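A.B. asks: Construct the complete structure from the given sequences, taking the supplied hints into account.
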Amino acid sequence: MPELPEVETVRRGLADLIVGKKVEDVSNDNPKSFPNPDEDVKQFLVGATITGVRRRAKVLMIDLSTAYSLMAHLKMTGQLVFVAPGKDRFGAGHPNDSLVGELPDKSTRVVITFNDNSHLYFNDQRKFGWVRLMPTEEIKNTPFMQKVGPEPLEDSFLPGNLVERLSRKKKSNIKAALLDQTVVAGIGNIYADEALWGAKIHPKRLVGSLTKQELTNLYTEIRAVLNLSIQKGGSTNKNYVNAEGKRGSYMDFARVFRREGQSCSRCQSEIQKIRVAGRGTHVCPHCQVL
DNA sequence: CACTTGACCTGTCCGC
DNA sequence: TGCGGACAGGTCAAGT
1 MPELPEVETV RRGLADLIVG KKVEDVSNDN PKSFPNPDED VKQFLVGATI
51 TGVRRRAKVL MIDLSTAYSL MAHLKMTGQL VFVAPGKDRF GAGHPNDSLV
101 GELPDKSTRV VITFNDNSHL YFNDQRKFGW VRLMPTEEIK NTPFMQKVGP
151 EPLEDSFLPG NLVERLSRKK KSNIKAALLD QTVVAGIGNI YADEALWGAK
201 IHPKRLVGSL TKQELTNLYT EIRAVLNLSI QKGGSTNKNY VNAEGKRGSY
251 MDFARVFRRE GQSCSRCQSE IQKIRVAGRG THVCPHCQVL
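Using this note's numbering, the first residue of the first sequence is number 1, and each one after it goes up by one.
What the hints contain is simulated information worked out from the structure, not anything from laboratory work.
Note that the coordinates shown come from a computational prediction; the quantities given were computed from them, not determined experimentally.
Don't take each hint at face value.
So the derived label-pair ranges between C-beta atoms look like this [to be verified]:
hint : residue 1 : residue 2 : range
1    : Glu138    : Gly20     : 22 to 28 angstroms
2    : Arg12     : Leu99     : 15 to 21 angstroms
3    : Glu138    : Thr182    : 27 to 33 angstroms
Yeah, the Cβ is synthetic: ideal placement off N, Cα and C, and Gly gets one too.
C.D. replies: Structure representation (structure tokens):
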């Protein structure tokens with residue numbers, strides 16, 4: 001999915017675009033993408049005003065005036081795209097920014113119509129993602145929110161927190177540990193590879209073998225990579241777009257992800273693609289030794 | 001309990 | 001061109 005930087009970019013876009021709008025109509029034809037019964041949608045979403053947009057880990061929460069929230073998880077291919085009535089969402093002069101054509105399209109799972117005739121589309125090619133309504137106060141009690149790890153970009157997240165969180169995963173490889181949302185929230189396949197390259201740690205290294213210095217470097221790299229990506233509007237590999245349907249540019253700055261066959265910017269060795277924790281994984285065999 | 005693997009879906013790309 | 005298989009940014013459940 002969309003990892004932390006992508007979800008945060010969508011959150012910021014939606015906060016600017018839909019807060020204050022009133023929901024007039026909702027349509028969804030895929031129960032898996034939006035499991036709440038129609039009566040809940042009518043009672044708690046239709047007629048509600050958007051009061052805010054929050055993010056925790058890779059989950060978006062669109063808060064409503066009804067004390068309910070519309071939660072969204074984009075998983076691998078989800079998109080939340082806002083379209084204003086009559087606006088050119090392709091962006092004049094930047095035709096390549098956009099990945100989405102006319103909406104709705106065949107990947108559209110949910111359409112929310114606001115009372116000014118603007119629309120919010122939830123598109124999801126692979127149907128892994130979902131939106132669902134829940135009382136705002138209950139979100140923090142869900143199993144996921146109870147066990148998810150700390151937000152890595154919060155000021156309160158310190159190197160010691162990473163060390164402490166990793167301490168119960170000593171026999172796991174570091175890549176799998178970084179992908180585990182109960183260790184730290186929001187890291188996925190792209191930023192795990194990028195941060196490990198930055199810290200010069202091989203993804204197959206066991207957590208228990210990492211030195212304090214390596215863990216400190218990893219902490220620094222995680223924050224640097226996530227912050228840079230937010231600054232670049234996230235990574236568009238295939239499907240990801242922001243709330244205006246536009247791509248992010250982090251992939252232009254990626255050091256290893258999807259750069260197999262190219263030379264490492266630090267040592268000129270050829271970047272390799274291997275398999276770790278069941279995921280395609282990118283490493284510099286010279287900078288990151290096992 | 002810690003850790004790994006398969007399943008959930010659709011689409012695309014690559015080799016035969 | 002067609003077809004089968006592997007793979008794709010995430011997370012669970014079920015397995016060892």
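A.B. asks: Now look at each hint and say whether the structure bears it out.
C.D. replies: Hints, one by one, checked against the model:
no.: 1; hint: Glu138 - Gly20: 22 to 28 angstroms; in the structure: holds, 24 angstroms
no.: 2; hint: Arg12 - Leu99: 15 to 21 angstroms; in the structure: holds, 18 angstroms
no.: 3; hint: Glu138 - Thr182: 27 to 33 angstroms; in the structure: violated, 20 angstroms
Hint compliance for this structure: hint 3 is the single one not met.
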